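Undergrad: Listed below are the residues making up each chain.
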Amino acid sequence: MSKETKPVENEEGLGKHLQLPMQRRTFFRYASASAAAATILLTTACDDDDDDDMTPPPVGAVNLGSGDVGVLNYAYALEQLEAAFYTMVVAEAGNALTSDEMNVMMDLKAHEVAHRELFKAALGSNAIPALEVDFSSVNFNDKSSILQTAKTFENLGVAAYNGAGKLLTDTGVGLDYLLLAGKIVSVEARHAAAIDDLIAGNGRFGEEFIDEDGLDRAMMPSAVLAAAAPFITTEIDFSNLPQ
Amino acid sequence: MNIFKIIKDIEKVDPEVYDRLASRRAAMSGFGSFGKKVALAAVPLAMGSMFKKAYGQSTNSIVDILNYALTLEYLEYNFYEQALAATALNLGDNREFFMEVRDNELAHVNFLKSAITSLGGTPIDAPTFDFSAGGAFPTWNSDAQVFLTLSQAFEDTGVRAYKGQAANLAGNPAILTAALQIHSVEARHAAIVRRIRGLKGWITGGPEGEMVPAPAEPVYQGEDQTVQAGVNVPQVSNVAPEQVTEAFDEPLSMAIVNDIAELFIVK
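So the sequences go chain by chain: A and B. Counting along the first sequence from 1, when you hit position 182 you're at 182 in our numbering, and nothing is skipped either side. Counting along the second sequence from 1, when you hit position 139 you're at 139 in our numbering, and nothing is skipped either side.
A portion of the hints provided could be inaccurate.
[Claimed, not checked] If the Cβ cut is set under 7 Å, some of the chain A residues that face chain B in the computed set are:
hint, residue
1, His111
2, Ala121
3, Ala122
4, Val158
5, Asn162
6, Gly182
7, Lys183
8, Ser186
9, Val187
10, Ala189
11, Ala193
12, Asp197
13, Gly206
14, Asp213
15, Asp216
16, Ala218
Because the hints were derived from the structure by calculation, they are not lab data. Keep in mind the model is a prediction, meaning the values are calculated, not measured. By construction, the Cβ of each residue, glycine as well, lies at the ideal position given by its N, Cα and C atoms.
Based on the provided sequences and hints, a complete structural model is requested.
TA: Here it is as structure tokens:
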């Protein structure tokens, strides 16, 4: 996503979302979760319907859609990115990695392809098209470059699913999508830990992402997609995603 | 803040809002008396409890789930705390990892306690634990392999237990998110313990190949699913079925998790 075409509103939204975990924690601690929920409802409701100042999405962008479909397409986009990355690693990094490292990469490729194809099949005609990716910043002959990129993607995946869980509604069929996201996020967390273990050894597991309450990160879509943008050529319009 | 406008706005999204609030008249008169009784600043709180009744679970059921999670976190924290204090247990290079894990579990204990209190509930007290499970694992704190086996079982159970409750927390987005944030930390722990034991960081198939004793097999029951969201994943992805089972962690019911935990709780 290029800076020139990104709507100004999203820039503000990004800053806002980055502060959200702190705000949420404060509410959670000092008021109560119900008060926080009520405040969000009130803020939304008090906001008079001034939708005219919306900046139009960039032309030719892939629109993720709205509601649960939008959230699932968001997950599908991230899985496409991960699957494409490990497919390239397995194809090109044979000389850079030990056999143990390559075995992990082959598993990760298989898992991410399984995730990607599941979303594609589950979304059916609502699925976004295949995204164009850009891994020119990665040196596939260099172990460190590969593992650091994998670390970025896996930890971003964990934070993305953790943040998106609450956006899923699926009231019709019993929150199956939330369960599905839950089934995947713990596997992404297992990946993140294994990659950290490969990078740092001695059982490192990405402690730097865990806060003083023992909580992993949760990021909202705008922040996640901004972090993933350098690796995705296709413009993504996420403006209809639930907030 | 105009409460009537808020209700009207909600009506646009959810035409049944009044049914959920009992009836329009009751809802409005309810608000009237609220307005007289409580200061304006407290109105969001009162609305919160009303909407929670209309849309979410009762606070009680969420507190129950958090206390269930707290039991597991107590178990994990005490397991690592006692093991690290046991002089006979040699964890070698992995000692620092388990100290980090213990600190995470203690943070989870404290976090859940404060969450329960903030919802007006009472955190349960820590049970008394017996990690030998009545003599089934007598060397749990002297034989590193036994310790590692139990650690893996506890961490993988933790992952499955939180996953099993996600939908029940969906009525409370802040709690749901926090539970997800703990859930992925348990998965990180599980992956490392598994790798220390020479296994993959992810679960392949069911209990077979997990190198756990028979009583721990329920921890992996049902992990061998290859159909997700009604989709036969090996078929659509051309990924081998065993790798598909690795790609998805399955939930575990509260009943089975409690059965597992009770093996280690002194009655």
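Undergrad: All hints, please: hold or fail.
TA: Status of each hint after checking the structure:
1. His111: Nearest chain B Cβ about 4 Å off; hint holds.
2. Ala121: holds, 5 Å
3. Ala122: With a closest approach of 5 Å, the A:Ala122 hint holds.
4. Val158: This hint holds: A:Val158 lies near chain B, its Cβ roughly 5 Å from the closest one there, short of 7 Å.
5. Asn162: For A:Asn162, the interface hint holds, since the closest Cβ of chain B sits about 5 Å away, which is under 7 Å.
6. Gly182: For A:Gly182, the interface hint holds, since the closest Cβ of chain B sits about 5 Å away, which is under 7 Å.
7. Lys183: holds, 4 Å
8. Ser186: holds, 4 Å
9. Val187: Holds, because the Cβ-Cβ distance from A:Val187 to chain B comes to roughly 6 Å (cut-off 7 Å).
10. Ala189: Given a least distance of 4 Å, the restraint on A:Ala189 holds.
11. Ala193: With Cβ-Cβ at 4 Å, under 7 Å, it holds.
12. Asp197: Interface hint status for A:Asp197: holds (6 Å vs cutoff 7 Å).
13. Gly206: Nearest chain B Cβ about 6 Å off; hint holds.
14. Asp213: holds, 4 Å
15. Asp216: holds, 4 Å
16. Ala218: holds, 5 Å
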